[in-house]
Every structure is written in C-alpha cells, then in structure tokens.
Amino acid sequence: MSQKYHYLARRLHSFTGIFPVGIFLCVHLCINSFIFKGPEAYDWAIGLLERSPLTPYIEVGLIGIPILYHALYGVWVTYISKTNIFQYKYFRNWMFYLQRFTAIVTFLFVFWHIYVLRIARIFTGTEMDFATIAAWLSDPTIYIIYIIGYLAAVFHFCNGIWSFLISWGITIGSEAQNFVMCVCTLIFIALGVVGIAGLTLLSKAVVLIR
Amino acid sequence: MSDVILKIKRQDGPNSRPYWEEFKVPVAPKANVISLLLEIQRNPVNLQGKPTTPVIWDCNCLEEVCGACSMVINGVARQACAALVDTLSKPIVLQPLSKFPLVRDLMVDRQKMFENLKKIKAWVPIDGTYYMGPGPKVAPSVQDERYLISCCMTCGCCMEACPYVNPKSNYMGPTCMAQVKLFNAHPTGAMYKDERLDAIAGDGGIADCGNAQNCERVCPKEIPLVSIIAELNRETAFRGFNRWLKGKPKGPGLAAPG
Ligand code: HEM
Ligand code: HEM
Ligand code: FES
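These protein sequence lines are chains A and B, in that order. The opening residue of the first sequence carries number 1 in the working numbering; numbering runs sequentially from there. The opening residue of the second sequence carries number 211 in the working numbering; numbering runs sequentially from there.
Bear in mind the hints are in silico, worked out from the structure with no lab data behind them. Ideal Cβ positions, reconstructed from N, Cα and C, are used throughout, including at glycine. Keep in mind that a hint or two might mislead.
To be verified - If the Cβ cut is set under 7 Å, some of the chain A residues that face chain B in the computed set are:
no., residue
1, Tyr7
2, Lys82
3, Gly169
As the list claims (entries may be wrong) - DSS-like, lysine-lysine: derived pairs with alpha carbons at most 30 Å apart:
no., chain 1, residue 1, chain 2, residue 2
4, B, Lys328, B, Lys456
5, B, Lys322, B, Lys431
6, A, Lys89, B, Lys260
7, B, Lys456, A, Lys89
8, B, Lys347, A, Lys82
9, B, Lys217, A, Lys89
10, A, Lys82, B, Lys329
11, A, Lys82, B, Lys378
12, B, Lys378, B, Lys347
13, A, Lys82, B, Lys234
14, A, Lys89, B, Lys219
15, A, Lys82, B, Lys322
Taking the hints into account, I'd like the entire structure generated from these sequences.
Printed below as a string of structure tokens:
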C-alpha cells in the first residue's frame with residue numbers, strides 16, 4: 001500500500017505545483033497588475049477576493065491546503081536529493097539545483113508574505129489596501145526582500161512548468177523539451193520585468209502621494 | 211615514455227577509513243587508466259617512494275562492454291578502460307563510485323542494480339513445459355530503439371550522477387527505467403508490461419526522478435534515458451488512471467501474482 005501512495009504523493013506534489021498553486025499565482029499577479037492603473041483600481045482589484053462569499057473556502061481549499069502540501073512535501077524532496085553541481089556542471093543539473101534553491105527561498109518568502117499580508121490581518125484588523133501595502137514596501141529592506149522572493153517564486157514556477165510537462169510524460173523528446181524551455185524563459189523574463197516594475201511603483205508610491 | 215601523477219582515494223575495506231595516496235607512473239603512448247593501475251600492481255611504490263599495497267580495482271572486458279571498471283575519474287563517473295590517459299587532465303584523480311557499497315579501493319559492489327532489475331522483471335518470459343515455437347517478428351524501427359537500450363551494461367554511471375540515488379532515497383535509478391522500456395517493447399516481453407509499470411510506480415520508482423538529466427549526459431552508451439523516463443512517466447500515469455477507472459479485472463486468476 002505504501003508503495004502505491006509513494007507514486008501518488010509525488011505526482012500530487014507535481015500536480016499541485018500547477019493546479020491550483022501555479023494558477024493562483026497567475027491570478028494573483030493579474031490582480032496585482034492593477035497597480036499600473038492607479039490606487040483606486042488596485043484597491044478594487046485586491047478587494048475582489050475579499051468581497052466574494054466563497055473567499056474563505058477558496059483561501060483554505062484552493063490556496064492554503066495545496067500550498068502547504070506542495071511546500072512541505074517539496075522541502076522533503078529537497079532534503080532527500082544529493083546535489084552534485086560542482087562535479088557534474090551541466091546546465092540542466094544547475095537548473096535542477098536552482099529549482100530546489102528557489103523552492104527554499106520561495107518557502108520562506110511565501111509563508112512570511114501570507115503571514116504579514118493575510119494572517120496578521122485576522123488579529124489586527126488592518127484594512128488591506130493600496131496605502132498599507134505601499135507604506136509597507138517603501139521600506140528598502142522589505143522592497144529588496146520582495147524582489148528576491150518574487151523572482152525566486154517566478155523562477156520556480158517557470159522552471160516548474162518545464163519539469164511538470166516531463167513528469168507527466170507530455171514533452172518526451174528533446175526538441176519538445178527545449179521548445180518548452182524557450183517559452184518558459186520568455187515567461188520568466190516577462191513576469192520578472194513586470195513584477196519588478198510593479199513593486200518599484202508600489203515602493204515609490206508613498207513618496208508620490210506625499 | 212613520460213610519467214603521470216595519479217591521485218587515488220583508497221580504502222582497505224568496507225568499514226575502514228578512506229585515505230588518499232599518490233603514485234608516479236610511467237605511461238606508454240595511448241595508454242588507458244587500467245594500464246596505469248596495472249603498472250602500480252607491478253610496482254606498488256607511492257610517490258614518496260614508500261612500498262604500499264597494490265590498488266584494487268574491477269575490470270573484465272577492457273572494451274567498454276561489461277561495465278565492471280566504472281569509477282570516478284577526475285570527478286566524473288566513466289569506464290577506466292575507455293579513459294585514455296592522453297585525453298585526461300593531470301594529475302589524474304581516481305575515486306570509487308560513491309553510490310554503491312565499497313569492497314576495497316576502487317572496487318564496489320553493484321549488486322543492488324541487479325536486485326532492482328529483478329523487481330522490474332527485466333527478462334522475456336519464455337520458460338514453459340513445452341516448445342512454444344518461434345518468437346513473434348519485431349519491426350525494424352522497434353529493433354533500432356531496442357538495440358540502443360540493449361547496449362546498457364549496468365555500469366552504474368547514471369546511478370552515480372543522479373542526485374536522487376543516495377542513502378536517503380530508494381530510487382532504483384535510470385538503468386531500471388531503460389530496461390522496462392526494452393522489455394515492454396518486445397512482443398513477448400510485453401506480457402509483463404503492466405507488472406513492470408506497476409513496479410516502477412512503486413517505492414523507489416520513476417516518481418523519484420527529479421529531471422536533473424545527468425544520467426543521459428554520463429551514459430557511455432548514449433542511451434536516451436531522458437526520453438525513456440518521460441515516456442514511462444506517461445505510461446505509468448495512464449496505467450494508474452486506467453486501473454482506477456476500470457477497476458480490477460475479474461477472472462479465474464490465471465495471472466501470476468504481480
Ligand atoms: C509582486 C509580488 C507580490 C505582491 C505585490 C503581492 C501582494 C499581495 C497582497 C496585497 C496580498 C493581500 C491581499 C489579498 O489577500 O489578496 C497578498 C496575499 C497573498 N499572496 Fe501575494 N503578492 C506578491 C507575490 C506573491 C507570490 C510570488 C506568491 C506565491 C504564490 C504570493 C502568494 C500570496 C498568497 C497565498 C496570499 C494570501 C491570499 C489570500 O488568502 O487571500 N504572493 N499578496
Ligand atoms: C512554498 C514553497 C515551495 C517549495 C518548498 C517547493 C518545492 C518544490 C520542489 C522541491 C520541486 C521539485 C519537485 C521534483 O522535481 O520532483 C517543485 C516543483 C514544482 N513547484 Fe514548487 N515549491 C514551492 C512553491 C511553489 C509555488 C508557489 C509554485 C507555483 C507558483 C510551485 C510550482 C511548482 C511546479 C509547477 C513544480 C514542477 C513539478 C514537477 O516537477 O513535476 N512551487 N517544488
Ligand atoms: S572493463 Fe569492461 S567496461 Fe571497462
């Protein structure tokens with residue numbers, strides 16, 4: 001029985017990386033992109049999730065539990081691998097290592113991020129809006145931590161798409177795998193640029209308002 | 211004849227402490243690493259001029275078909291018999307494979323791989339009580355694909371380079387995955403197709419692969435391990451869904467217990 005569940009557990013980890021965690025990340029970034037339309041639009045967008053009657057169920061069932069499962073199992077999977085990047089200096093071996101390195105960075109970032117912006121709010125009752133987040137990000141240390149955490153998460157997601165497609169036997173030949181790698185690289189660059197621009201805008205916003 | 215310095219990681223037995231010893235060995239033109247080790251065997255004196263025990267290693271065919279002489283040469287797992295001294299950077303550093311139990315010096319016990327091959331039924335079932343006639347025909351395209359995989363000599367290089375083959379994990383390694391494909395692609399071997407897929411969908415199976423893809427890079431036989439693993443990822447997933455959606459097949463129970 002444990003045999004059967006080993007395969008299932010590992011594949012569920014792979015699956016949750018895209019559905020729903022990866023999908024959530026995309027939606028989350030779309031919501032955050034309203035920063036480019038100004039403070040009112042941003043408040044309206046992040047308020048979307050808060051106003052829905054389904055929110056508690058979505059937050060626990062579609063975000064919380066899958067992220068927890070993927071993250072905790074991911075830490076285990078990272079722990080049982082034995083890195084050999086200096087012995088076998090191949091590109092893919094480095095990406096394999098980076099997938100695990102960014103996993104740990106993302107782990108620290110995401111849980112801190114969720115705690116500060118979502119869980120702490122339950123106790124303090126602070127309204128989550130443009131002003132609060134902009135004030136928060138105007139601290140240079142927080143801003144730098146966000147840039148690092150964000151890039152790690154996005155790298156992990158993009159390289160994860162490549163890896164996911166192999167883990168499920170969708171891309172089999174090297175041509176298909178390399179093609180997907182090019183697409184994933186483009187997605188990473190695009191998300192990276194847009195994200196940094198958005199975070200920079202948020203971090204400077206307080207100054208602008210004053 | 212010029213001289214070359216060899217740096218060898220030695221260990222007197224499975225439970226002894228490893229240590230490094232250096233040797234200065236004369237090389238003939240076009241020599242391989244095995245001939246350097248033979249030279250040490252002939253004259254077991256280390257770089258400091260002290261007599262020592264000869265270095266132990268394993269080898270057999272001397273033409274890269276048996277896999278026995280695998281070791282870590284300048285950091286990378288490969289066959290000592292196929293490692294030409296002229297092409298190696300000096301000093302040459304030799305270490306035993308680290309993912310297998312050590313016997314002595316450069317000799318390891320690769321038995322674990324053969325045990326894993328039993329788990330996946332890496333054979334064609336032809337034993338019976340009567341003559342079963344000639345085997346079915348195999349299309350040349352399938353022969354081509356199978357030929358490449360059949361070159362596998364269970365040398366262990368792919369295991370050595372894989373980040374998921376280590377004491378913390380039970381992963382059977384890429385060798386086994388290649389053999390599943392080899393025997394599933396054979397018309398008679400395919401009788402065990404589902405059993406093999408179930409075996410690699412179990413503990414230590416294919417799901418442990420993390421797509422580092424080192425295996426294919428170090429494989430001396432250039433077996434397309436990456437595509438083989440990806441294809442079996444697909445087949446195990448389909449098999450899993452099907453088994454669940456269809457339910458267990460009913461019948462009088464002629465199939466041998468998987
Ligand atoms: C550009 C960087 C990011 C910004 C500006 C940002 C902003 C925010 C904000 C304002 C909230 C609270 C408002 C809300 O509840 O919707 C939030 C919540 C959250 N963020 Fe982010 N985020 C960023 C990156 C990420 C990343 C990379 C992840 C990882 C997947 C992530 C995961 C989450 C989660 C899980 C929540 C809690 C959502 C909830 O339960 O409502 N965020 N984020
Ligand atoms: C929060 C901490 C996280 C940890 C510790 C973590 C850990 C890991 C690890 C170790 C892998 C490699 C699995 C393997 O090769 O078998 C992985 C794969 C993956 N992760 Fe994460 N991850 C985290 C967050 C995320 C997030 C936020 C996303 C999505 C936005 C994500 C998406 C993926 C995807 C798509 C894969 C590829 C699955 C596969 O290779 O089959 N992960 N994760
Ligand atoms: S001795 Fe057989 S492969 Fe080297």
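Do the hints match the structure? See the list:
The criterion of a C-beta within 7 Å of any C-beta in chain B is met by Tyr7 (chain A), whose closest approach is roughly 5 Å, and the hint holds. Among the interface hints, the one on Lys82 (chain A) holds; its C-beta lies about 4 Å from the nearest C-beta in chain B, closer than the 7 Å criterion. Here the hint on Gly169 (chain A) is kept, as its CB sits about 2 Å from the closest CB of chain B, short of 7 Å. Proximity of Lys328 (chain B) to Lys456 (chain B) is assessed by CA-CA distance (about 28 Å); at most 30 Å being required, the pair is judged to hold.
For the suggested pair Lys322 (chain B) and Lys431 (chain B), the alpha carbons sit about 21 Å apart, so the restraint of at most 30 Å is met. Between Lys89 (chain A) and Lys260 (chain B), the direct Cα distance comes to roughly 37 Å. Violation of the 30 Å bound is thereby established for this hinted pair. Distance hint between Lys456 (chain B) and Lys89 (chain A) is unfulfilled; the C-alpha atoms sit about 45 Å from each other, more than 30 Å. A hinted pair counts as satisfied when its Cα atoms are at most 30 Å apart, and Lys347 (chain B) with Lys82 (chain A) does not qualify at roughly 44 Å.
Between Lys217 (chain B) and Lys89 (chain A) the CA atoms are separated by roughly 22 Å; this keeps the pair inside 30 Å, and the hint holds. Restraint check for Lys82 (chain A) and Lys329 (chain B): satisfied, since their Cα atoms lie roughly 24 Å apart, inside the 30 Å limit. Straight-line distance between C-alpha atoms of Lys82 (chain A) and Lys378 (chain B) comes to about 9 Å, which keeps the hinted pair within the 30 Å bound. Distance restraint check for Lys378 (chain B) and Lys347 (chain B): the Cα-Cα separation of roughly 43 Å exceeds the 30 Å cut-off, and the hinted pair is therefore not satisfied.
Note on Lys82 (chain A) and Lys234 (chain B): the hinted pairing is violated, with a Cα-Cα distance of about 33 Å set against a maximum of 30 Å. Simply put, Lys89 (chain A) and Lys219 (chain B) have alpha-carbon atoms about 22 Å apart, close enough for the 30 Å limit, and the pair holds. For the suggested pair Lys82 (chain A) and Lys322 (chain B), the alpha carbons sit about 19 Å apart, so the restraint of at most 30 Å is met.
Taken one by one, the earlier hints fail for this structure at numbers 6, 7, 8, 12, 13, listed in ascending order.
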